[in-house]
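Enquirer: Single-letter residue listing:
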Amino acid sequence: KQEVTQIPAALSVPEGENLVLNCSFTDSAIYNLQWFRQDPGKGLTSLLLIQSSQREQTSGRLNASLDKSSGRSTLYIAASQPGDSATYLCAVLNSGYSTLTFGKGTMLLVSP
Amino acid sequence: EADIYQTPRYLVIGTGKKITLECSQTMGHDKMYWYQQDPGMELHLIHYSYGVNSTEKGDLSSESTVSRIRTEHFPLTLESARPSHTSQYLCASSKDSPTRNTIYFGEGSWLTVV
Numbered sequence: 001k002q003e004v005t006q007i008p009a010a011l012s013v014p015e016g017e018n019l020v021l022n023c024s025f026t027d028s029a030i031y032n033l034q035w036f037r038q039d040p041g042k043g044l045t046s047l048l049l050i051q052s053s054q055r056e057q058t059s060g061r062l063n064a065s066l067d068k069s070s071g072r073s074t075l076y077i078a079a080s081q082p083g084d085s086a087t088y089l090c091a092v093l094n095s096g097y098s099t100l101t102f103g104k105g106t107m108l109l110v111s112p
Numbered sequence: 001e002a003d004i005y006q007t008p009r010y011l012v013i014g015t016g017k018k019i020t021l022e023c024s025q026t027m028g029h030d031k032m033y034w035y036q037q038d039p040g041m042e043l044h045l046i047h048y049s050y051g052v053n054s055t056e057k058g059d060l061s062s063e064s065t066v067s068r069i070r071t072e073h074f075p076l077t078l079e080s081a082r083p084s085h086t087s088q089y090l091c092a093s094s095k096d097s098p099t100r101n102t103i104y105f106g107e108g109s110w111l112t113v114v
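Chains S and V, in that order, give the protein sequences.
The numbering used here numbers the first residue of the first sequence as 1 and each following residue consecutively.
The numbering used here numbers the first residue of the second sequence as 1 and each following residue consecutively.
Check before you lean on any hint, since a few could be wrong.
Chain V stretches covered by chain S per the calculated footprint, using a threshold of three residues with CB under 8 Å from any CB of chain S [stated by the list, open to error]:
hint: 1; stretch: 60-74
hint: 2; stretch: 101-108
Covered stretches of chain S, as calculated for chain V (at least 3 residues, CB under 8 Å) [to be verified]:
hint: 3; stretch: 35-43
hint: 4; stretch: 69-77
Source of the hints: derived by calculation from the structure; they are not laboratory data.
Quick reminder that beta carbons are idealized off the backbone N, C-alpha and C, glycines included.
Starting from the given sequences, assemble the full structure and let the hints guide the process.
Expert: Here is the structure:
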């Protein structure tokens, strides 16, 4: 059974810092990996999707990498802003592309 | 901007009541999902569907039921609500494609059973 782990569980940084969120998964037979953002009491917003054949994806200040063989992904946030404060979730689409398995998320707080 | 809508957003009901949470999407997606999330906890898949007349149970056992009569509509029903059903329920949808399958979520339905 696929398991997704996210480290750290929580992170607090001052505005302007570059930061890295980590995601690991136990079964490398995945189709893709997605990073989401969730604001309190809201649904999830898709940030980046990396296909299993890709190594990284970029969107603005966000960069996500994927090392499928080692079961790891990182989300890099450059020049963090208070508006980046949210919970960031990693999810993998398992082989057979039937369902996503989510990690528990990293709660990020960026202080002014 | 994702076009997936959930109603109601917030609901407080009494024990034993029947409740249906509505979910609709206008993107023509074949696959739809229901996730349950307790505050501060991870998401758990409770139901999903590959298309019309297709429903499957997810990883987390749930006393709820779903139906998929129309592509755009995937309602979730609790026949007799209990306090243990208090949670946030998130609906999502995606294309049925291994290469173009970004999943889009609704805003969620917060259910409180008293």
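Enquirer: It remains to establish, for every hint, whether it holds in the given structure.
Expert: Here is how each hint holds up against the structure:
no.: 1; hint: 60-74; result: violated (count 0)
no.: 2; hint: 101-108; result: holds (count 8)
no.: 3; hint: 35-43; result: holds (count 4)
no.: 4; hint: 69-77; result: violated (count 0)
Checked against the numbered hints given earlier, this structure breaks hints 1 and 4; the rest are met.
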